[in-house]
Every structure is written in C-alpha cells, then in structure tokens.
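Participant: In case you want the letters, here they are:
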Amino acid sequence: MNKIYSITIGLAICLGLSGCTKHFLDEKSQDEVRPSTVNDLQELLMGEVYPAGSTEPSFIAYVDLMTDDMTSNFNSDPGAQSLYKVYVGPFTWQPNMFETMLAAQAQVDVDTYAHYYRRIMGCNVVLDNIDKMRGDSADRENVRGQALAMRGYFYFMLVNLFGQPYNAKGVDINTSPGVELILSSVVHDSYPTRASVAGVYQQVETDLLKATPLLEQYGGNNSKFRATDMFAYTLLSRMYLYMEKWDSAALFASKALDRNSALVNLASIAFPDEYSIAATGVYSINSPEAIWLGYADQYEYKQINLRPYGPVPFCVSQDLQSKYDYHPSTSSDRGDLRMRYFYTWDFEDYNWTIFIPLNGCKLASSNSGVIKGMRTAELYLNRAESNIQQYLKDGDDAKRVAALTDLNYLRSHRYDTRNTPYINVDTSGPGLLDFCRDERRRELSFEDHRWFDLRRYGMPEIHHTFQSSASQTPVDFVLHQGDKRYVLPIPLSALERDPSLAPNP
Amino acid sequence: MASQNWVSELNLRASYGWQGNVAENFGPDLIAQLPASAVNNTTGEFELKIKSLPYADLRWEKTKTLNLGLDFGFAKNRFIMSVEYYHKRTEDMIIYKPLPVSYGIDNMPVNGGTMLNQGYELSLSGTLVRTKDVVWNLSLNTSRNTNSLNTDVATTSVWQDAAAGKLYKKGYAVSSFWVFPFAGLDPTNGYPLFHIPTKDEAPNAAQDPTQYMKYAGRLEPDFQAGITTSIRYKWFSLMSAFTTELGGKKLLYKMFNQPNGALPSAYSNMPKEFANRWKNPGDEKRTNIPGIPSLVYNPADNNYDAPTIQLPIALTYEYAYDMYNYSDSRVVGASFLRCNNISLSYNVPEKMLRGALRNVSLTASVSNPFVIVSKDFKGMDPEVATGGQPIPRVYSAILNVSF
Chain G
0 MNKIYSITIG LAICLGLSGC TKHFLDEKSQ DEVRPSTVND LQELLMGEVY
50 PAGSTEPSFI AYVDLMTDDM TSNFNSDPGA QSLYKVYVGP FTWQPNMFET
100 MLAAQAQVDV DTYAHYYRRI MGCNVVLDNI DKMRGDSADR ENVRGQALAM
150 RGYFYFMLVN LFGQPYNAKG VDINTSPGVE LILSSVVHDS YPTRASVAGV
200 YQQVETDLLK ATPLLEQYGG NNSKFRATDM FAYTLLSRMY LYMEKWDSAA
250 LFASKALDRN SALVNLASIA FPDEYSIAAT GVYSINSPEA IWLGYADQYE
300 YKQINLRPYG PVPFCVSQDL QSKYDYHPST SSDRGDLRMR YFYTWDFEDY
350 NWTIFIPLNG CKLASSNSGV IKGMRTAELY LNRAESNIQQ YLKDGDDAKR
400 VAALTDLNYL RSHRYDTRNT PYINVDTSGP GLLDFCRDER RRELSFEDHR
450 WFDLRRYGMP EIHHTFQSSA SQTPVDFVLH QGDKRYVLPI PLSALERDPS
500 LAPNP
Chain V
0 MASQNWVSEL NLRASYGWQG NVAENFGPDL IAQLPASAVN NTTGEFELKI
50 KSLPYADLRW EKTKTLNLGL DFGFAKNRFI MSVEYYHKRT EDMIIYKPLP
100 VSYGIDNMPV NGGTMLNQGY ELSLSGTLVR TKDVVWNLSL NTSRNTNSLN
150 TDVATTSVWQ DAAAGKLYKK GYAVSSFWVF PFAGLDPTNG YPLFHIPTKD
200 EAPNAAQDPT QYMKYAGRLE PDFQAGITTS IRYKWFSLMS AFTTELGGKK
250 LLYKMFNQPN GALPSAYSNM PKEFANRWKN PGDEKRTNIP GIPSLVYNPA
300 DNNYDAPTIQ LPIALTYEYA YDMYNYSDSR VVGASFLRCN NISLSYNVPE
350 KMLRGALRNV SLTASVSNPF VIVSKDFKGM DPEVATGGQP IPRVYSAILN
400 VSF
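These protein sequence lines are chains G and V, in that order. Just so we're aligned, residue 0 is where the first sequence starts under numbering that gives the first Met the number 0, counting upward by one. Just so we're aligned, residue 0 is where the second sequence starts under numbering that gives the first Met the number 0, counting upward by one.
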C-alpha cells in the first residue's frame with residue numbers, strides 16, 4: 000500500500016508541476032497576435048487599409064500640379080529652388096517624374112504605385128482569412144463588404160492614374176493596359192502582367208456590387224472613416240460617370256442622396272479670421288455632407304505653403320481663380336465663398352497687399368483630420384452632369400431642369416446668403432454642360448478630381464510656364480490634346496522588380 | 000609501422016554533423032502586430048498591422064558539416080605537415096525573394112538556396128639544414144575558404160554590387176566582379192566612353208547588370224600563403240617573413256570621388272597620375288585618364304549635371320566619371336609578394352659574458368622592406384592605389400640584456 004501511495008503522490012506532483020511549468024514557460028509575444036476573430040480583421044482593416052490618420056495618409060499629392068489648377072512663378076530664393084526640384088517632374092509632365100521627385104528627396108508620395116498595392120494587399124489578406132475567423136456573421140459580412148469596397152476604390156484610382164481613360168477616343172480599352180489585378184494575398188514566384196483597362200473596371204464594378212448589399216445590410220453602424228453603403232454608391236456613381244453610363248451614374252447618385260442629401264451652408268460658417276488658413280467645414284468630423292473621411296491631411300503640399308520670401312513658386316492658377324464669383328471687399332455679400340473657405344491663402348509680397356490662394360484645402364476640424372474623401376456635393380454634380388448629357392442627347396427638358404435644380408441647390412449652399420438671397424442660374428444647350436463642369440471644378444478642386452475629369456473630358460491641351468533659374472528664359476511646357484502623358488508613367492522602381500510589367504509609352 | 004622509421008607521426012581526424020534550423024519568424028498562420036499606438040488618433044479605432052503572411056510550405060534549413068584533419072611527421076618530426084579540411088553545406092536555405100511591387104510586400108521567404116562553405120588549411124614546416132653551425136628552418140602555411148550560394152533567385156540587380164563582387168551568378172566563382180568596358184576618351188572633350196550595349200542587345204539589363212558590364216576576374220586570390228624562414232649561423236640568426244597572394248584582380252582607388260559626379264574640389268588631393276590627364280584633343284592617343292569634366296545643362300530637370308551615360312535600362316543614367324572609376328581601365332592584377340619583416344640578430348656567446356650577465360643580444364630589423372606587385376600599379380604603393388592607407392616601413396635596432 001505504501002508503495003502505491005508514494006507512486007500516486009509522486010505522479011501527482013510530477014503532473015502538477017508539469018502542468019504549472021507548461022503555462023509558466025509558454026512563450027507568448029507581448030505585441031504579436033494570431034488573428035482569430037472577425038473583430039481582429041476589422042482592426043487589421045483599420046491598420047492596413049484605411050489611410051486616415053496613418054503614417055502615410057496621402058497617395059498622389061502632386062497630381063494637382065499636373066492640372067490647369069496650378070501655376071508657377073519664378074523666385075530665386077534657395078527655398079524656391081528646392082521646391083522647383085521637388086515638383087518640376089509632375090508640373091512639366093516629365094516621363095521620369097517619380098524618379099526626379101525621389102532624387103529631390105521630396106516628402107511627397109513618390110511611391111504612389113506601391114502604396115495603393117500595399118493597401119490592396121491588406122484588403123486581400125482580410126478577404127482570404129475572413130471565413131476562418133470566429134465571430135458574429137453580421138460583423139463578418141460587414142468586414143467583407145468594407146474590404147471589397149476598399150479594394151474596388153484602390154483599383155479604381157490605380158487604373159485611372161496608370162491606364163488610359165475609359166472613354167478615351169481611339170483606344171481599345173479591352174487591350175489597352177490597366178494595372179495588375181492581384182486578388183489574393185498568396186504571393187508566388189510568377190510575375191504579374193497588366194490587365195486591360197476594361198478588365199480592371201470590370202473588377203472594380205464586381206467588388207463594389209458585391210460590397211453594396213453587405214454594407215447596406217450590416218454596415219449601418221460604420222463610422223465615416225470606414226466604407227459604408229454611401230461610400231459604395233458614391234464610387235459607383237463616379238465610376239459610371241467615367242464610363243459615360245449616364246443613367247447608372249444618376250441612379251447611384253440618387254440612391255445615395257435619398258439616404259443623405261445634406262450640404263453644409265458655407266454662409267453659416269464664420270469667415271476664416273486667420274489670414275492664411277482655410278475654413279473648417281465640409282470635411283470636419285460632424286459635417287453632414289461628408290460621406291467618407293478618407294485620406295490626406297493638411298500637411299499635403301506643405302512645402303508649397305511654407306514658401307520662401309518673394310513670389311510664390313507655385314499657387315492656384317488665374318484660370319481657376321477667375322471661375323469664382325468672389326468679391327471679398329464687399330463684406331456684406333462676398334459672393335462665392337468657396338474661393339476663401341476652400342483655399343490656403345498668403346500674401347505674395349509681404350507688404351500685406353497682394354493676397355493670393357496658394358493651394359486648395361478643405362480643412363478638417365482637428366489638425367490630424369483628413370481633407371479628402373467623398374461628400375454629397377459630388378453626388379449632386381454627378382447627377383447633374385449625367386442628366387445634362389442625356390438632355391443634350393435627346394433634348395429631354397425635364398433632365399435639364401433636374402440638373403439645374405441640383406446645381407442651384409449646391410450653389411445656394413456655397414454663396415454668401417447672409418444678407419443677399421442666392422439667385423438661381425438658368426441656362427440651356429451645350430453652355431449648360433460647360434457650366435456644370437466649371438461648377439464641378441469650383442466645388443471639387445484639390446480633392447483629386449480635376450486630373451481625372453480632364454482625362455475624361457477628352458484630355459485637353461494644357462500649358463505650364465516654368466522657369467527655375469534667373470539665367471533661364473521661362474519655358475512653355477505643353478501637354479497636348481490626348482497626350483500620352485495624361486497616363487502617368489509606371490515608376491522605374493516597379494518596372495525593376497517585375498520584368499513582365501509593361502511600361503507606359 | 001614499428002619497422003619503418005621515416006613516418007614518425009600520423010593522425011587522422013574526421014567528424015560529420017547534421018543540423019536542422021526552423022525559420023522562427025514565419026509560420027503557417029497570419030501574424031498581426033499591435034502598433035506602437037493601438038488606437039488611431041484620427042479615427043479613434045483600434046488598429047492591427049500585418050506582421051507576416053501565412054507561409055504554409057516553408058521547410059527547415061538543413062546543414063551538413065564534414066571536418067577532416069591529417070597530421071604527418073617525417074624523419075623524427077624534422078618535417079611536419081598538417082592539413083585541415085571542412086565542408087559545410089546548407090540546403091533549403093531561407094532567402095528573401097524580392098517580389099513585384101504589386102504583391103504589396105517587399106519580399107517573401109522561400110527555401111530557395113544552397114550554401115556551400117568549404118576550406119582547407121595546410122601548414123608545412125621543416126628543418127632543411129641541420130649541422131652544428133648552420134640551421135635553416137622554413138615553414139609555409141596556406142589556407143583557403145570559399146562559400147558559394149547556389150540559387151536561381153537573382154541576388155542583385157544593382158551594378159554597384161556587381162562591381163563589388165556581391166553578385167552571384169551561375170557559372171562564376173564567388174567574388175567575381177564586373178566592370179564597365181572602357182572605350183577610350185572622347186577626342187572632343189576628354190570624357191570617358193564605354194562600350195554599353197543597346198537595349199535590344201541587353202533586353203534583361205534591369206535585372207542583370209552583367210548584361211552590360213564585362214567580367215573582370217575575381218577579387219579573391221587563387222592562392223595565398225605565409226612563409227617564414229630562419230637561418231642560424233653560429234651566433235648570428237637571420238629571420239624573415241613573407242606573405243603572397245597569386246591570382247585575383249582589384250579596382251584601383253576611385254579617381255573621381257565627388258558626389259553626383261561633380262568636379263574635383265579645390266581642396267581634394269589628386270594623384271600624381273592625374274597630371275597626365277587629357278587636356279587637348281589628341282591627348283586621347285597617349286592617355287586613358289579623362290579630362291576635368293564641365294557641367295552640362297540638363298533640360299529634363301533644369302539642372303547643371305556632370306556628364307551622364309544611359310544604361311540599357313529605361314530612364315537610367317549614370318555619371319560617366321563614376322563609371323570610369325568602375326571600368327576595366329582601373330582593374331589591376333592583385334598578385335603580390337610582400338616581405339613583412341627581416342631581422343638579423345647576434346647573440347653574444349655565453350663564454351664571453353661576465354658577472355651577472357646572462358644573455359646579451361643585438362637585433363636589427365626592418366618591417367615592410369619591399370613588395371613585388373604588378374606593373375599596373377605604376378610604382379604606387381599597392382595599398383594606397385586600392386584606396387587604403389600605406390603600411391609604413393619601420394627600422395629598429397634592439398639591444399637585449401638580461402641578468
């Protein structure tokens with residue numbers, strides 16, 4: 000008996016000790032986790048996919064310099080010289096613009112191409128793993144919907160930066176190269192090649208149409224920093240507009256406006272008192288018209304704002320300034336308030352006399368907030384443009400009236416209506432389309448729309464005059480109509496890593 | 000064995016080992032990491048970052064090691080030979096394969112390589128002459144280590160690595176290096192010219208710099224050894240030590256060492272041979288040293304740049320003067336025989352010592368007295384010519400007295 004007792008006790012001690020030691024010595028990382036719940040993947044979306052508040056919130060903070068919204072002045076100050084080095088590539092549409100920006104050690108988004116793909120990888124990881132996670136099925140479908148919608152968004156941006164416009168004349172979008180479609184997080188040895196423009200659009204449409212019902216049903220509580228059904232509607236409306244599918248573009252704009260038609264009334268926001276800062280408003284966290292508080296912060300183009308003494312090296316073009324019916328000297332009725340509220344201004348001469356807009360910025364409510372994304376104003380403009388295109392085609396006057404109603408409604412929230420009521424605009428014929436396009440430019444400037452809009456308007460000719468040294472005469476750089484440089488070059492860093500990646504001509 | 004007397008010692012050693020290594024940083028599961036600040040200040044939401052993707056098919060790294068040793072002693076150990084050899088082979092080595100940008104991550108680990116390390120060490124020593132008055136000892140040791148990486152994964156696409164011997168290419172020994180083929184000087188301005196193939200001749204140049212560079216040899220020598228010898232004649236002894244390397248090539252120092260291919264600064268030291276540079280048209284027939292560059296206006300970036308030459312890669316230009324630093328006109332044979340030390344000493348015979356004196360000796364020695372190198376160095380100190388500091392020559396005389 001004694002023997003049996005001692006053996007049992009011995010065994011018990013052994014088992015007990017080993018039980019303890021196992022837990023005690025178990026290696027556990029303090030900061031690494033193996034994602035196992037749906038919520039973990041939601042956090043992964045926040046960390047890897049959504050750009051807001053991340054260390055690299057911007058993607059293309061040079062594209063506005065390629066449009067007709069910006070102009071350049073000569074300044075011999077060394078500060079201006081370094082600024083010219085940073086932006087000369089995009090401003091003069093150089094085929095090696097990514098390399099010149101890199102060489103200038105610019106604090107701008109030189110790695111646009113890789114950046115979008117890093118975020119797409121985040122979407123793919125979430126989509127590949129979501130079905131293996133524990134959790135509520137409503138949350139699961141919400142996460143899936145967000146990942147699909149965001150992947151659609153990133154591919155939409157990529158194909159419009161690095162591929163021909165969907166509606167380009169004389170281009171077969173079924174063969175014209177878009178970007179590589181990577182739809183799985185599994186990496187392998189093969190070198191991906193570029194899918195066609197139509198193929199990428201097809202994928203974007205598929206992702207968005209798959210995401211829409213999921214977000215409608217399960218994404219109701221998503222904050223404006225996440226993708227929602229409103230996000231999907233807006234992007235679908237924008238995509239169909241680019242594809243010139245006017246009724247679909249109008250349909251999705253209406254779908255979204257039925258849910259939220261609010262606009263910020265700029266006249267109710269105090270006139271910015273600090274002389275240089277834009278007004279807080281449409282992208283602030285409580286803005287009723289914000290749909291997606293998406294990306295970019297106020298430090299975009301900051302080197303342009305921190306300008307040297309003397310003439311401003313880059314500023315908003317005269318052409319764009321002249322589009323605004325803004326008269327600041329009449330303080331009782333300043334007219335179109337967007338010219339002041341949506342731009343960062345400064346004095347050109349340090350004598351406090353010549354006050355000019357440097358660049359556009361829809362300032363967020365806090366310094367860390369995002370300044371770009373999606374808002375209902377775009378929906379009004381998308382719907383108006385679709386209606387006008389249909390009116391111009393078949394002369395349906397109801398479409399013309401509907402378009403003018405949308406445009407006037409938007410404009411009435413942008414004019415100084417404190418003392419003077421807004422006067423409705425009434426016009427018809429092709430002039431209405433020009434008016435709508437100008438309105439789109441006024442409203443959405445510096446929100447990464449203009450470049451893409453110019454592309455789908457038939458890629459018009461643009462002139463940029465540029466001078467960088469005192470001995471040099473100003474050079475007139477021309478982006479010709481339909482120029483191949485309306486498609487950005489694939490960066491050398493990407494071509495080097497993939498021999499089967501076709502460069503842009 | 001006992002019946003013979005010419006082999007006095009014979010030892011043989013051998014060992015073999017097998018080892019496996021797990022790649023600890025990767026696993027078959029997705030690993031996420033908490034960022035430094037778990038809550039995003041802007042969105043107010045919790046965040047996770049991806050640490051590593053799931054890699055389901057990674058295998059262990061396997062290492063096999065063989066060691067062999069052999070000691071010989073002849074004629075009552077008057078001659079001794081010792082050989083050591085090792086052979087270490089690592090299979091399924093985990094290497095990071097660079098990925099196309101569109102995969103969204105920089106590289107992935109693959110069991111893609113086989114690394115072979117091997118080497119031998121041989122030492123010989125013997126007493127060639129042993130008489131009452133004269134003893135002559137000679138010893139030699141030589142060793143060689145090689146490691147080669149056998150993989151289909153391209154190791155580098157950067158020409159600077161190829162010029163530094165860091166590019167591993169199948170069929171070429173480790174430490175092979177490549178340089179730009181020099182094509183003389185431009186008769187109009189004295190700029191260096193190179194035989195750079197066109198894009199069609201070198202279609203894969205972006206991945207493989209050897210397509211537009213020329214094989215220049217190996218940086219490592221074929222043979223290197225240390226030799227020491229000592230001769231004693233009565234109370235005098237003479238000792239000397241040599242090192243030698245045979246085979247192998249080197250690049251001379253960078254003649255144009257300014258960043259961005261800029262002009263040599265007024266403060267920088269230029270070598271004597273720079274005086275012999277190209278100055279006027281016609282000089283290209285007698286010299287290979289390019290003239291002083293002048294900056295050219297580059298309309299693309301609105302800058303004044305040093306002259307550049309396009310590589311057969313889209314949009315890739317290199318400074319011509321930097322390429323000259325890495326051209327075959329700067330490659331020299333690196334074989335040498337260096338005498339490290341010679342010393343002559345005289346020991347005062349004991350019978351001449353008086354009183355408390357136990358030992359008195361007088362030594363005169365010189366270190367680094369001479370070196371024999373290839374004539375490519377044009378009389379320059381080989382250390383300086385390859386970018387190092389000169390080894391000084393030191394004379395010393397020593398009087399040693401012990402009580």
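Everything labelled a hint here was simulated from the structure, so no lab data went into it. Since the model is a prediction, treat every value here as computed from it, not as a measurement. All C-beta atoms, glycine included, are put in the ideal place defined by N, C-alpha and C. Treat each hint with caution, since some may be false.
Unchecked claim - Computed footprint of chain V on chain G, listed as stretches where at least three residues anywhere in the stretch have a Cβ under 8 Å from a Cβ of chain V:
1) 38 to 52
2) 144 to 154
3) 169 to 181
4) 324 to 335
Stated by the list, open to error - Calculated pairs, SDA-like style, for lysine to any residue (alpha carbon to alpha carbon, straight line, at most 25 Å):
5) G:254 - V:23
6) V:87 - V:34
7) V:198 - G:131
Participant: Now tell me if each hint is right for this structure.
Facilitator: Hint check:
| no. | hint | result |
| --- | --- | --- |
| 1 | 38 to 52 | holds (count 9) |
| 2 | 144 to 154 | violated (count 0) |
| 3 | 169 to 181 | holds (count 3) |
| 4 | 324 to 335 | violated (count 0) |
| 5 | G:254 - V:23 | violated, 51 Å |
| 6 | V:87 - V:34 | violated, 40 Å |
| 7 | V:198 - G:131 | violated, 49 Å |
When each numbered hint is compared with the structure, violations occur for hints 2, 4, 5, 6, 7.
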